[in-house]
Amino acid sequence: MVEVASFRIERIQYLRADGTLAAPLPPWAEDGEELVRLYRAMVLTRAYDTKAVNLQRTGRLGTVASSLGQEAVAVGTAAAMRPQDVLLPSFREQGAMLYRGVRIEELLTFWGGDERGSNWSGPREDFPVCIPVGTHAPHAAGVATAFKLRREPRVAVCMLGDGATSKGDVYEAWNLAGVWRLPMVTVVNNNQWAISVPRSAQTAAATLAQKAIACGMPGVQVDGNDVIAVREVVGRMIERARAGEGPAIVEAVTYRLSDHTTADDARRYRDDAEVSAHWKEEPIARLRTFLTARGLWDKDKEEQLLAWCAREVESAVEAYLARAPAPATDMIDYVFAELPAPMRAQRAELVRRVARRAEGAER
Amino acid sequence: MTAMTLVEAVRTALARAMAEDPTVLVLGEDVGKDGGVFRATEGLLERFGPERVLDTPLSEALFVGLAVGLGAQGFKPVVEFQFDGFSYPAIDQLVNHAGRLRARTRGRLSCPMVVRFPYGGGVRAPEHHSESPEAFFAHIPGVRTVIPSSPARAYGLLLAAIRDPDPVVFLEPKRIYRAVREEVVDDGRALPLDRCFVLREGRDLTLVAWGAMIPVALQASAELAKEGVSVEVIDIATLKPLDCATLLDSVAKTGRCVIVHEAPPSFGPGAEIAAVLASEGLFSLLAPVLRVTAFDVPTPLPRLEELFLPALADVLEACRRAMAHR
Ligand SMILES: Cc1ncc(C[n+]2csc(CCOP(=O)(O)OP(=O)(O)O)c2C)c(N)n1
Ligand SMILES: [Mg+2]
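Protein chains in written order, with numbering that gives the first Met the number 0: chain H, 0 to 362; chain B, 0 to 325.
Keep in mind the hints are simulated off the structure, nothing from the lab. Since this is a predicted model, take the numbers as computed values, not measurements. Beta carbons: idealized from backbone N, C-alpha and C, even for Gly. Keep in mind that the hints are not guaranteed to be accurate.
Below, a sample of chain B positions facing chain H; criterion: calculated Cβ distance under 8 angstroms [to be verified]: (1) P56; (2) S58; (3) Q72; (4) F74; (5) D91; (6) G106; (7) S109; (8) D165; (9) A310.
With these hints in hand, go ahead and build the complete structure from the sequences.
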């Protein structure tokens, strides 16, 4: 018999649910300003999510997927990246997108049903959200291959859910990343649920992180409600990848406190008691407790922050609602770099359709 | 000028494109040392090195997804599948991503790529190695579908496909990979995409085909000429977007059209062409538009394959039937 693998999966935590320290802080986290920055980003993300859900309920936004309770995964990951790295997010990582410079107004534009929202002014090379679960993992491998071929010290960061780890294309991308030692870090946002399917029904593997082992790369768990742990561990893996040491998987263990999306009612498949229990673990309160204990935060600051978030979100909503609609011909004009001659007739028909509907509306 | 087979023309175009543009990469299974199962990439690894010619793990969906990421980062990946029957897993990536990345980011990101693979029957290959899946690909918005039918067109169209800033699926008729040699000038000149080629002009009937059905169509036109029937042969070449203008002009002149393809008939490319003629060319038609195709059955194994595929006799019969309408 040959022993080819024996493994233990590390689960890293700095900040316990009660806001006390479980381990000595990493050096960067001794900087109070840095911690406050992470805190503010999580609170802003929550303010955005709350508003987005409200806008959907009042018919001013399409279906949205809230990241309530998972803000530390998104913010910690984005904070661990450098601007020149490329993020490939799923549909629930708005906290990371905001942190990297996508604007609230742009997120609203996309979820409000307008492609212009993905043509953001911020991180131009970052990918738009990926809706077909896990299909962006191969793209991350492609982006990482580009970095490697050009010998650029950049990293592709792919974010996907626990459900996504059951998909073949995700494994295929990890497998390739392992063989080619790609600068690709995958953050698995394990929020315990894939709509109504619990984590235990996705895989018999004890952890999702251990899937890395078969692909010849490190896999680690972090407490996904501890933004310090996420930022530290994802950062370690990103810097390792940047240094040419290959890919990694970080499983961030968290909990989806919201419904799957605004089109879902989670009470159909999980107990309120389970959800309430997890409210005790959520990431924002524990960091606030910690910051307060360290003298870095107080009631005034909290009030100011909440007011600032409300203003940011409100002005973004106003801009979103005020934006003139895109011309209908955009749907054709951006399909190819240049409109192929055989498609001119379809474009002309679209223009006629627009006129016809406008006429109908006048009558 | 060199006399080349179709597969040699593909290889020549690949080498040309790689030499002129350092962002062109070749990816796939066994494309490196082995030079591809049909030798289409032979010599490329030696000439361009392992950072331009990349053997990937065995996963078709993966390497099209990989091409999306590479394309978005400014590379021009040319992906090879070994056979038609293994192209299907990649449809997810083509539909959900490659064909819409530019549109869904309103031009912020795009992913130029060529996905090329041998297709079609007639080579007595094992199961899943003789399929004509062009309709699946031609149905995908944002993706071009191109099929050459001669060495020169393979060269010119592949160069065009690689230089094109958007995704192109390039199906190579494996049955005529080595059937004929033709003079091909390796001058880097591309052929236009989105255009059909009139291979032979005629007055009485328009015979439409592509890929390995082109030699059959040409043969049929020669036979029919002996009967005094003047046949115009059109090589569709770029199935999507479809050059309706050339088809309609031809049928305006001939009044008759027979479409030949190896794929099953239902919802196939022939149906699309017939629909174009029905909606925009009906009043020039003297005869019903006829299709000569395979059947709506899984591609049979080699012993029955010949009867599954359209052949000269079937094409002649359809053309004569069309000619009976005066
Ligand atoms: C390939 C695919 N199948 C099904 C769906 C429908 N769907 C959307 S999200 C989701 C669950 C995803 O779960 P997970 O990966 O854990 O991410 P989470 O939603 O929890 O963030 C499903 C089934 C989809 N978007 N894509
Ligand atoms: Mg989940």
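Each hint tested on the structure:
1. P56: holds (6 angstroms)
2. S58: holds (4 angstroms)
3. Q72: Because about 3 angstroms separates Q72/B from the closest Cβ in chain H, which is inside the 8 angstroms limit, the hint holds.
4. F74: holds (6 angstroms)
5. D91: Interface hint status for D91/B: holds (6 angstroms vs cutoff 8 angstroms).
6. G106: holds (5 angstroms)
7. S109: Result: holds, 7 angstroms to nearest chain H Cβ.
8. D165: holds (5 angstroms)
9. A310: violated (30 angstroms)
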